[in-house]
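A.B. asks: One letter stands for each residue in the lines below.
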Amino acid sequence: MSTDVAHDAHHHGPPAGFRRWLFSTNHKDIGTMYLIFALVMLFLGGASAMMLRAELLYPGIQILNPDLYNNLLTNHALIMVFGMVMPAAAGMANWMIPMQIGAPDMALPRLNNLSFWLLPFAGTMLIISMIAPYIWGDTPVNTGWTLYPPLSVQAGIGMDFSIFTLHILGISSILASINIVTTIINMRAPGMGWMDMPLFVWAWFLTGLLLIMVMPVLAGGVTMLLFDRHFGTAFFDAAGGGDPVLFQHLFWFFGHPEVYVLLLPSIGVLGLIVPTFSRKPLFAYKPLVYSMMLLCALGMVVWAHHQYTVGMSEAVTNYFMIGTILISIPVGYMLFSFIFTMWRGSMTFETPMLFAIAIVLMFSFAGVTGVMLAVVPADLQYHDTYFVVAHFHYALIPGAVFGLYAGVFYWLPKWTGNMYDEKLGKIFFWWTTISFNLTFFPQHFSGLAGMPRRIVDYSPIFLEFNFISSISAFAFGASHLLFLYIIIKTIRGGEKAGDMPWDGAQVGTTGLEWTVPSPPPFHTFEEPPVLKAK
Amino acid sequence: MSSQVDKNKVVAKRLLLAVIGMFGFGFAMVPLYTLICDVTGINKVGDASEGRVALEDVIHGGVNEDRLINVEFDVTLNGDLPWDVEPEVKKMQVHPGKAYEVVFTAVNKTDDNVITTAVPGITPWQATEHFSKVECFCFNQQKLKPREVKAMPLKFVIANELPEKYGTVTLSYTFMNTDRSKVNKKVASIH
Amino acid sequence: MLFVKRLKYLAAMGLALFAGAAAAEYGLNLPEPVSPVTRDIYNLHMLTAYVATVIMIIITTVIVYALIKFRKSAGYEADQNFHVSWFGKWAWVLVPVVVLGIDLSIAGKAANTFALVEDTTEPDMTLKVTGSQWKWTYDYMDEDIRLVSNLKKHEPDSELYLRDVDNPVILPINKRIRFLHTATDVLHAWWVPALAYKKDSIPGYINETWAIIEKEGVYRGQCAENCGTGHAFMPIVIHAVSEDKYASWVAEKQAEKAKAAAEATSDKEWTMEELMARGETVYKTNCVACHQAEGQGLPPAFPALKDGPITVGPVEGHIDIVVNGSKNNPVMVAWKNALNDLEMAAVITYERNAWGNDTGDVVQPSDVKAAR
Numbered sequence: 352m353s354t355d356v357a358h359d360a361h362h363h364g365p366p367a368g369f370r371r372w373l374f375s376t377n378h379k380d381i382g383t384m385y386l387i388f389a390l391v392m393l394f395l396g397g398a399s400a401m402m403l404r405a406e407l408l409y410p411g412i413q414i415l416n417p418d419l420y421n422n423l424l425t426n427h428a429l430i431m432v433f434g435m436v437m438p439a440a441a442g443m444a445n446w447m448i449p450m451q452i453g454a455p456d457m458a459l460p461r462l463n464n465l466s467f468w469l470l471p472f473a474g475t476m477l478i479i480s481m482i483a484p485y486i487w488g489d490t491p492v493n494t495g496w497t498l499y500p501p502l503s504v505q506a507g508i509g510m511d512f513s514i515f516t517l518h519i520l521g522i523s524s525i526l527a528s529i530n531i532v533t534t535i536i537n538m539r540a541p542g543m544g545w546m547d548m549p550l551f552v553w554a555w556f557l558t559g560l561l562l563i564m565v566m567p568v569l570a571g572g573v574t575m576l577l578f579d580r581h582f583g584t585a586f587f588d589a590a591g592g593g594d595p596v597l598f599q600h601l602f603w604f605f606g607h608p609e610v611y612v613l614l615l616p617s618i619g620v621l622g623l624i625v626p627t628f629s630r631k632p633l634f635a636y637k638p639l640v641y642s643m644m645l646l647c648a649l650g651m652v653v654w655a656h657h658q659y660t661v662g663m664s665e666a667v668t669n670y671f672m673i674g675t676i677l678i679s680i681p682v683g684y685m686l687f688s689f690i691f692t693m694w695r696g697s698m699t700f701e702t703p704m705l706f707a708i709a710i711v712l713m714f715s716f717a718g719v720t721g722v723m724l725a726v727v728p729a730d731l732q733y734h735d736t737y738f739v740v741a742h743f744h745y746a747l748i749p750g751a752v753f754g755l756y757a758g759v760f761y762w763l764p765k766w767t768g769n770m771y772d773e774k775l776g777k778i779f780f781w782w783t784t785i786s787f788n789l790t791f792f793p794q795h796f797s798g799l800a801g802m803p804r805r806i807v808d809y810s811p812i813f814l815e816f817n818f819i820s821s822i823s824a825f826a827f828g829a830s831h832l833l834f835l836y837i838i839i840k841t842i843r844g845g846e847k848a849g850d851m852p853w854d855g856a857q858v859g860t861t862g863l864e865w866t867v868p869s870p871p872p873f874h875t876f877e878e879p880p881v882l883k884a885k
Numbered sequence: 012m013s014s015q016v017d018k019n020k021v022v023a024k025r026l027l028l029a030v031i032g033m034f035g036f037g038f039a040m041v042p043l044y045t046l047i048c049d050v051t052g053i054n055k056v057g058d059a060s061e062g063r064v065a066l067e068d069v070i071h072g073g074v075n076e077d078r079l080i081n082v083e084f085d086v087t088l089n090g091d092l093p094w095d096v097e098p099e100v101k102k103m104q105v106h107p108g109k110a111y112e113v114v115f116t117a118v119n120k121t122d123d124n125v126i127t128t129a130v131p132g133i134t135p136w137q138a139t140e141h142f143s144k145v146e147c148f149c150f151n152q153q154k155l156k157p158r159e160v161k162a163m164p165l166k167f168v169i170a171n172e173l174p175e176k177y178g179t180v181t182l183s184y185t186f187m188n189t190d191r192s193k194v195n196k197k198v199a200s201i202h
Numbered sequence: 006m007l008f009v010k011r012l013k014y015l016a017a018m019g020l021a022l023f024a025g026a027a028a029a030e031y032g033l034n035l036p037e038p039v040s041p042v043t044r045d046i047y048n049l050h051m052l053t054a055y056v057a058t059v060i061m062i063i064i065t066t067v068i069v070y071a072l073i074k075f076r077k078s079a080g081y082e083a084d085q086n087f088h089v090s091w092f093g094k095w096a097w098v099l100v101p102v103v104v105l106g107i108d109l110s111i112a113g114k115a116a117n118t119f120a121l122v123e124d125t126t127e128p129d130m131t132l133k134v135t136g137s138q139w140k141w142t143y144d145y146m147d148e149d150i151r152l153v154s155n156l157k158k159h160e161p162d163s164e165l166y167l168r169d170v171d172n173p174v175i176l177p178i179n180k181r182i183r184f185l186h187t188a189t190d191v192l193h194a195w196w197v198p199a200l201a202y203k204k205d206s207i208p209g210y211i212n213e214t215w216a217i218i219e220k221e222g223v224y225r226g227q228c229a230e231n232c233g234t235g236h237a238f239m240p241i242v243i244h245a246v247s248e249d250k251y252a253s254w255v256a257e258k259q260a261e262k263a264k265a266a267a268e269a270t271s272d273k274e275w276t277m278e279e280l281m282a283r284g285e286t287v288y289k290t291n292c293v294a295c296h297q298a299e300g301q302g303l304p305p306a307f308p309a310l311k312d313g314p315i316t317v318g319p320v321e322g323h324i325d326i327v328v329n330g331s332k333n334n335p336v337m338v339a340w341k342n343a344l345n346d347l348e349m350a351a352v353i354t355y356e357r358n359a360w361g362n363d364t365g366d367v368v369q370p371s372d373v374k375a376a377r
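Residue numbers (this note's numbering), protein chains in the order written: chain H, 352 to 885; chain V, 12 to 202; chain D, 6 to 377.
Treat each hint with caution, since some may be false.
As the list claims (entries may be wrong) - Only pairs whose alpha carbons sit at most 35 Å apart, straight line, appear in this in silico DSBU-like list of lysine-lysine: (1) D:K250 x D:K264; (2) D:K264 x D:K158; (3) D:K250 x V:K161; (4) H:K637 x V:K18.
Claimed, not checked - Pair ranges (Cβ atoms, derived): (5) V:V41 x H:K777: 50 to 56 Å; (6) D:D129 x V:V41: 39 to 45 Å; (7) H:W487 x D:I217: 38 to 44 Å; (8) V:V74 x D:H159: 20 to 26 Å.
To be clear, the hints were calculated from the coordinates, so they are not data collected in a lab. Glycine included, every Cβ here is placed at the ideal spot set by N, Cα and C.
Taking the hints into account, I'd like the entire structure generated from these sequences.
C.D. replies: And the structure:
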C-alpha cells in the first residue's frame, strides 16, 4: 500500500505546492521538514533560555514571576530535548540513512509522513500548556521537565496539556524509530553487512531500539499521572497506598536512556567527521560499535542515580553507583577511538572538524564530572544544584547539539549542492564554543557554593557566577543568528559542491551518500547499488 | 518489491509489539515495584493494609529481658490536616519479643467528617522487617465525625532478630486526608 | 551598591580565578565541612575532582600534541594502516583496564563514605525537619519544642537576601544529631552544605541523616528540591552554639511555652501595646507570605489588608474571617485550629491598627472565644 504512492511519485518527480510537503513520503523532503522544525524549536527553546538568564542576571525578581520562570524552565527543557535535538537527529536520519545504506527511501514512507506531522501538533499543545493557566487562572507547569508528583498533581490545567504534548511527541518518536530500525534491518544495499555500516547508521539503529524500549514507559508514567490528577487513582499518592517515588523510577527509567538517545546520533556523526578530516579510517570501529551497545545496555539499568537522595538501601545504592561508574568504559571507548583516529592522521580543520575536536574535549569534561556525580556520597551534596545543571549542559550541548551542528556543516554541501561560507562557519564555531564555556563553566562553581537549581531568585553571594553566565548566555544565544544566516546563505547559493565535497570522505567513510550528486536528485538508488567486494 | 514491503511490515509489527509490551511494562512496574521493594528493602512508603501479623507468629522466640530498645513515636499531619493526633507516650523502652500497646488519641477539629489514612514509616529502615504490628489503626482508614475524639490503639512487637547496632527505632505516622481535593488547594498562584 | 562593589572585585580577580578551583574562601568550592560526614564527602569530592583534572590534562595534552603533529598543513601523511597495526588491534584492551582501575578505586572509597552516611549509631538528640510550602518546621523530639522558620526579608543587595529566617534552628556542638526528614505537601530537600547533605523530604516517607557539628557558628542553606512557587524562598539557618548555651536556650524556650499556655487561658484584659507586639509576631509567622509585610497583599488572589474592606470595616466581620475562614476564597483558611484565642485577638488588633489602618479597635481573647 504505502509504497504504491511512492511508486507513482517516482515517475512524476515532486508534486507542486503545499502537497509536496503535506503529503510527502519522500525521505529527503521529510528530513528537510524535520530539520526546519528543529531549527524553529531551537530558537523557541533558546529564547526561553535567554529569558531565564535575563531573570538571573541580578538578584531580585525583575521580569518573571516564580511560576512563569519555572514554566519557561520546564518548556526550555521539553522544547530542547523533544522539539529540537530529537527531531534534528531524526531529520538527519531521514536524509542520510537511506542514502548511506543505498536504499531508495525509508521502509514505511507514509508512517514517516505521520511521524513528522504529529510534531507541529505537539508544539501547538505545548504552547497551549503555557497559555492555559492564564485563561483558567491556575498554577502554570512549574515542576521542571521531570514533572515530579505531588507538585505536578497540584499544578493547573497546563499540566494536562504538557502530558498530552509528551504523549504526541512520544508517539511521533516511536513511529520514527520503528521506521528507521526497519529501514536499517531490511533495506541495506546487497553486500552491505552489519559491520560495513557507517557509524551514524549504527548509532541510529541503537537509538531507535532504545526509544522503542523506553518511550512507552514514560508514556505509561505520565498517563498514570493524568489518572491521579483527574480520575481519583493513587499511583503516586501515599494517601491511597501509592508512592510518589515510583514516578521518579518510571521517569528515570525513560530519562536516563533518553540521554543516550540524544547523544548517540551525534556520536554517529562524529564517527564520520573525524575520519573524514583525519583522512584515515575510524580507529577501532568494531569495539566502538560494541561499546555503543554496552552503553545502551548499561544505560537501561542505572536510572536510579538520578534519585540517590530519595533514600534507597545501601546495597541498592551501591549497585546503581557501580553501574553508573562503569558507563565510563563505553564512553571512554568513544573518546579513545576518536582521539586515535586523529592520531597519525593528516588533519585539516574545516568547521565540522573544529566542532568534532571541541566536542571530544568538552564531552570528556562532562564525562569526568559525570563520574564525580555518580559517586553517591558526593552526589548527596551536588544533587539538585547548578553543578548538575552545568554537568548536563556540558554533556548535552557538546554531546548532542554541537554534534548536530557539525553534521549540518558536514552535510549542507550534500543537501544543497553549495558549499557553506567556511570563514563564517569558523567564526560561528569560535563564537559559540567560547560563549558556551563561559556560560556553563562558572555554573559548576555556583553549584558547589550552594546554589540550587530551579530557583527564580538567588542571594547576592552567587552574583558573580550568575552575572558571567547570563552575559555569556546572551552571546551564546546571539551566535545562533549567525548560524541561521550561514544556513540561509548556503541554501541560496555559493560555491558549487562536488559529489564528494570532502576529499577525506573517500578513505574515512563507507557511506554511499558520496556516490550520488550534490544536491541529490529527488529519488536516489531506485536500483540497488552494487558494493565493491572487500 | 512487494516482498520487500511485506518484510518491512513484519519487522515494523514486531517492533510495535515491543512498544506495546514496554507500555504494559510501565504499568507492571506498579506491583513489581512493591515486590522489589519488599525483596530488596528499598525504602518505600509502608503499605498500610499489609504488615499485619498474628501475635503468636512473632513472640515465639521468647522475650529477651536483657535487651532494651528505645522506641519513639512521631506524627506528621499532611496538607494542614485539621486534626490533633498525639501518642500517649512519645518514647518508650521495650524488650524484643514482647508485645506492647500504645494508644494514639486523634481529635477532629472541624465540623465535617474527615477520613484519613495513616502511612507508617520506620527509621532506621533496616528495622522495618523486624517491627511487627499486631494491631494498628493504620490497617484501616480512620473516619472521625465532627469534633470527635478517638482512641486508636497500636500493638507491636520488635523481633529478637533486630541487629544489636540499632538501639533506637522511630515509628512515624503521616496522617493524610483521603479527600485529596482538600489537600491540593494551593492552586491559586501568586501572579 | 553591593553588586557594583562585587563586580569590581570580580573584574580585578579576572578569569584566571576559575583555574584555581581550590579557592574555597571565595565560594568556589563546597564550604568548609564542620561535621564528620560532610568532611568525608568533601575529601571524596576533592579526590574525584583531582582525578578528573588529571584525566582532562592527559586528554588535552594528547589532543593538542596530535593537532600540532598530525596536520596536513605540516605535511603529515595519514597512516592508513594504523587501525590495523598491532596497536590498532589490541589497544581496545587498554580502555577497560585503565578506566576500571580508576573507577573501582573511587568506588571503593565512595562505598566507605556511604557506609558512614548510613551509620546509625545512637544519637544524642533528634531534630525532625518538616518541609511545607514554603517554610520549615523543626521539632526537637526530646525537648518537645517546635519552631516554624520562615523567610526573613532583606533587600536584594544584602548578603542575607534569601539567606535569612525569622526563627533559626539552634543546635549544640559536639553532639550527635539525627535529622528526620519528611514533608506535608510536595517534595522538599533540606540542605545546609557545611553540615547537612541532602536526603529528600517526601510526604509519607521518613528519611534520616546525621551530623556532629564541630564548630560554633551560623550555617546557611536552602531548599534544594523544586517545591513550586516559593521554592527559592525557603532558606535554612542553623546557629550552632555551645552545649551550655543550648541548654539555657532550651530552658528559656520551655519557660516561654509554659507562660504562653498560661496566658492564653487566663482572663486578663490586654492593652493595645501588648496585643500589637504579639500580633506583629503572629502576623509575620502566619500571614505575611500572602498578605505581605506592608499589608499590601498580592491581589487578586491575596487581597490587601491595608485599607481593606474587612480590616477597617466592622470588627465582627474581621474576627469571623480569621476564626472561621473565608467562604469565597478557600486559600484563606479558618485559623481557629492553628492559633489560640490570644494569638488571633492579637493579630486582628494588629491588622486593624498597623499600616495606617488606625481603627483604634482592641480585640480581646474573649471576643474571639465568643466567635468560635
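A.B. asks: Determine for every hint whether it applies to the structure shown.
C.D. replies: Hints, one by one, checked against the model:
For the hint linking K250 (chain D) to K264 (chain D), the alpha-carbon distance of about 21 Å falls within 35 Å, and the restraint holds. Between K264 (chain D) and K158 (chain D) the alpha-carbon distance is near 29 Å, which keeps this suggested pair within the 35 Å criterion. Among the hinted pairs, K250 (chain D) with K161 (chain V) is inconsistent with the structure: their alpha-carbon atoms are about 40 Å apart, more than 35 Å. With a C-alpha separation of about 28 Å, the suggested pairing of K637 (chain H) with K18 (chain V) holds against the 35 Å cut-off.
A hinted range of 50 to 56 Å for the beta carbons of V41 (chain V) and K777 (chain H) is consistent with their spacing of about 53 Å. Remark: the range hint 39 to 45 Å for D129 (chain D) to V41 (chain V) is upheld by a beta-carbon distance near 41 Å. Distance hint for W487 (chain H) and I217 (chain D): a CB-CB separation of about 50 Å, inconsistent with the stated range 38 to 44 Å. Between V74 (chain V) and H159 (chain D) the C-beta distance comes to about 58 Å, which lies outside the given range of 20 to 26 Å.
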